[in-house]
Amino acid sequence: MQYIPNILFLVILIFGIGYFTKNIRKIIRNIKLGQAVDASDNKGQRWNNVIRIALGQSKMVVRPIPGLLHLIVYLGFIIINIEVLEIIIDGIFGTHRIFSSLGSFYGFLIASFEILAVLVFVSVIVFWIRRNIIRLKRFWNPEMKGWPKNDGNFILYFEMVLMTLFLIMNATDVHFQEMNNGNIVSKYIAGWMSVTPESTLYIIERVAWWLHIVGILIFLNYLYFSKHLHIILAFPNVYFGSVTPKGKFTNLESVTNEVKLMMDPSADPYAAPPEGAETPAKFGASDVMDLTTTQLLNAYTCTECGRCTSECPANQTGKKLSPRKIMMDTRDRLEEVGKNVDKNVEFQPDGKQLLDDYISREELWACTTCNACVEACPVSIDPLSIIMSMRQYLVMEQSAAPNELNITMTNIENNAAPWPFNQMDRANWINES
Amino acid sequence: MSEALKVPTMAEYMAQGKQPEVLFWVGCAGSFDDRAKKITKAFAKLLNNAGVDFAVLGTEESCTGDPAKRAGNEFLFQMQAMMNIQVLDGYEIKKIVTTCPHCFNTLKNEYPDLGGNYEVMHHTQFLKSLMNEGRLKVEGGKFKGKRITFHDPCYLGRANNEYEAPRELLQKLEVELVEMKRCKTRGLCCGAGGAQMFKEPEKGNKDINVERTEEAIETQPSIIAAGCPFCNTMITDGVKAKEKEASIQVMDIAEMIANAADL
Ligand code: SF4
Ligand code: SF4
Chain F
1 MQYIPNILFL
11 VILIFGIGYF
21 TKNIRKIIRN
31 IKLGQAVDAS
41 DNKGQRWNNV
51 IRIALGQSKM
61 VVRPIPGLLH
71 LIVYLGFIII
81 NIEVLEIIID
91 GIFGTHRIFS
101 SLGSFYGFLI
111 ASFEILAVLV
121 FVSVIVFWIR
131 RNIIRLKRFW
141 NPEMKGWPKN
151 DGNFILYFEM
161 VLMTLFLIMN
171 ATDVHFQEMN
181 NGNIVSKYIA
191 GWMSVTPEST
201 LYIIERVAWW
211 LHIVGILIFL
221 NYLYFSKHLH
231 IILAFPNVYF
241 GSVTPKGKFT
251 NLESVTNEVK
261 LMMDPSADPY
271 AAPPEGAETP
281 AKFGASDVMD
291 LTTTQLLNAY
301 TCTECGRCTS
311 ECPANQTGKK
321 LSPRKIMMDT
331 RDRLEEVGKN
341 VDKNVEFQPD
351 GKQLLDDYIS
361 REELWACTTC
371 NACVEACPVS
381 IDPLSIIMSM
391 RQYLVMEQSA
401 APNELNITMT
411 NIENNAAPWP
421 FNQMDRANWI
431 NES
Chain Y
1 MSEALKVPTM
11 AEYMAQGKQP
21 EVLFWVGCAG
31 SFDDRAKKIT
41 KAFAKLLNNA
51 GVDFAVLGTE
61 ESCTGDPAKR
71 AGNEFLFQMQ
81 AMMNIQVLDG
91 YEIKKIVTTC
101 PHCFNTLKNE
111 YPDLGGNYEV
121 MHHTQFLKSL
131 MNEGRLKVEG
141 GKFKGKRITF
151 HDPCYLGRAN
161 NEYEAPRELL
171 QKLEVELVEM
181 KRCKTRGLCC
191 GAGGAQMFKE
201 PEKGNKDINV
211 ERTEEAIETQ
221 PSIIAAGCPF
231 CNTMITDGVK
241 AKEKEASIQV
251 MDIAEMIANA
261 ADL
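Heads up: the sequence lines are chains F and Y, in that order.
In this text, residue positions in the first sequence follow UniProt numbering: the first is 1, and each later residue adds one.
In this text, residue positions in the second sequence follow UniProt numbering: the first is 1, and each later residue adds one.
Treat the hints with care, as some may be off.
[Stated by the list, open to error] Each computed DSBU-like pair below joins lysine-lysine, with the alpha-carbon atoms no more than 30 Å apart:
#1 K248/F / K203/Y
#2 K181/Y / K137/F
#3 K248/F / K181/Y
#4 K26/F / K43/F
#5 K320/F / K206/Y
#6 K203/Y / K352/F
[Claimed, not checked] Residues from chain Y that face chain F, not an exhaustive set, calculated with beta carbons under 7 Å:
#7 E61
#8 F75
#9 L76
#10 Q78
#11 D113
#12 C154
#13 A195
#14 E202
#15 K206
#16 E211
These aren't lab readings, by the way, just hints derived from the structure by calculation.
Values in this document were obtained by computation on a predicted structure and should not be read as measured data.
All residues carry an ideal CB built from backbone N, CA and C; glycine is no exception.
Can you build the whole structure from these sequences, using the hints too?
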């Protein structure tokens with residue numbers, strides 16, 4: 001009988017971690033529905049980016065206030081999780097505060113956790129106020145209705161509850177308070193509760209302890225359904241992010257092969273393709289499977305902060321385009337495709353695609369390719385590359401560019417300039433006064 | 001106006017068995033657009049003045065393919081690129097300078113994968129190096145003390161991380177450089193990139209160039225300095241839309257330097 005709590009704890013733990021693992025696997029499988037990319041180059045630069053951008057949050061300081069608050073929550077989150085280790089050991093073996101034998105170092109650790117818990121609590125409240133009272137514009141764009149808006153707030157409530165439980169758990173732990181080692185914040189809460197009988201305190205402590213660890217497991221499993229996945233995916237995402245100047249757009253290799261063939265007078269256009277050469281299914285992207293694994297990882301990583309959209313010249317001047325929405329749509333469609341695969345083992349056409357059903361042409365054609373979104377994203381997401389892939393599909397597979405662009409392209413083809421001027425007049429400026 | 005421009009073509013150089021120090025890639029706007037041609041000439045004057053041994057491709061130059069690529073037509077882009085690379089390699093070109101950040105970006109970043117490897121510089125970078133080598137004198141002249149703001153071209157700034165060369169030149173012109181709120185990495189696009197120059201904008205509540213020009217006007221400049229023929233057009237249009245053309249000029253940095261030296 002006395003082992004029931006231990007067994008219960010183990011069951012909850014295994015279930016919590018198991019379900020999380022299952023969903024992470026699903027994410028990986030879904031990402032692999034995309035086109036493989038080679039990211040084996042520039043290892044040093046990539047690790048450097050991970051340390052600077054993901055770990056060091058270098059892009060977050062561009063906006064100092066949210067940057068600082070985010071840093072507190074992020075550090076608090078990581079550091080307080082050391083405490084979870086103790087909780088897990090205690091839970092499995094039925095011990096109580098197993099690390100407390102570390103003495104004054106333990107006190108130091110707990111004291112820093114308690115201070116961080118308060119700081120996190122305060123920061124999260126400021127975040128909530130920014131979202132809901134001050135109503136910063138980037139949290140109220142059209143794509144932020146419904147679930148995305150609630151999701152943002154749920155995470156904040158979660159953090160508040162977890163931090164509160166942590167402090168209550170410490171405050172009502174009579175043994176811990178008697179040790180008087182590290183209870184730098186919780187001793188005040190304990191003071192307010194000094195009239196409560198010890199048996200009641202014990203119950204509160206146990207309840208808070210259980211809710212805290214169960215809460216953490218729920219939070220862990222909530223990630224998969226939330227924009228909060230970035231706390232994990234930011235790291236691989238930054239690693240796989242671009243390591244070239246932002247102005248360099250990838251050249252489609254499949255096109256290069258065809259162009260070379262067209263320009264090589266000795267090539268036999270009727271020759272069978274060389275052994276092993278795959279004929280590309282299509283140029284550009286109309287659905288998520290046509291995008292690269294990096295672009296799909298981008299979609300899962302997006303934290304819907306809207307920094308990209310708030311810097312986007314098209315969005316700022318009232319166009320429909322929002323780079324954040326491009327990322328959210330890609331993720332939504334990928335989830336839909338993933339569910340389809342869950343059900344049918346292999347993807348069965350469902351009469352839908354990313355283009356038109358999620359992202360409209362009007363959005364795609366409004367982009368100036370200015371890279372402001374790419375620059376703004378704190379976790380190295382590239383919304384522009386998805387826009388480009390989809391434009392490529394529209395132009396090369398559907399010949400569906402806006403008419404003025406068709407004229408421009410015809411001019412380039414015929415006169416080597418986007419305007420209808422004769423190439424032979426190209427040097428006229430030299431002799432004009 | 002001093003003596004006539006000396007702008008030899010690569011074909012002429014080739015005939016004489018000579019190789020220039022640098023190829024001046026003029027670009028489509030620089031060749032055909034009336035406003036941009038003035039920038040081209042100003043830059044050519046500066047090159048003449050600094051004694052730079054340069055040549056142009058003339059009628060053998062053609063569009064780099066940038067607008068086609070960014071409109072999504074990778075085929076057309078790569079066709080243009082391969083043809084240009086053939087011409088450039090035929091003349092054994094090593095170093096290119098251009099007054100257009102779009103040409104600059106494409107030649108520098110997107111040609112190497114297709115076999116075209118050159119050292120490519122934007123004209124502000126090239127002018128800066130001429131100045132540092134003491135070949136080009138940049139002095140304030142009539143611009144001294146004038147309030148001037150600089151609009152970062154996306155394809156020079158964010159795309160290629162060059163924010164300082166144009167500013168150093170402006171500093172040498174002894175102007176009072178005032179930055180817009182959105183500048184450098186956060187600079188707002190003029191609205192022309194990604195082939196937008198060649199089409200009507202999508203439905204919205206404002207044109208991007210007007211938004212940008214308003215921000216520039218807020219700094220109360222007498223000149224808005226630019227480093228791109230397309231930005232130049234967009235902002236000039238913006239200034240007209242705001243009916244400020246009497247008090248605010250839009251000028252390329254090359255024009256300013258040439259103008260200051262009374263070339
Ligand atoms: S690149 Fe396109 S989507 Fe990104 S900020 Fe610029 S205009 Fe907006
Ligand atoms: S793409 Fe980046 S900047 Fe844009 S909303 Fe997502 S995380 Fe934020």
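Task: Index of numbered hints that the structure contradicts, given in increasing order - done: none
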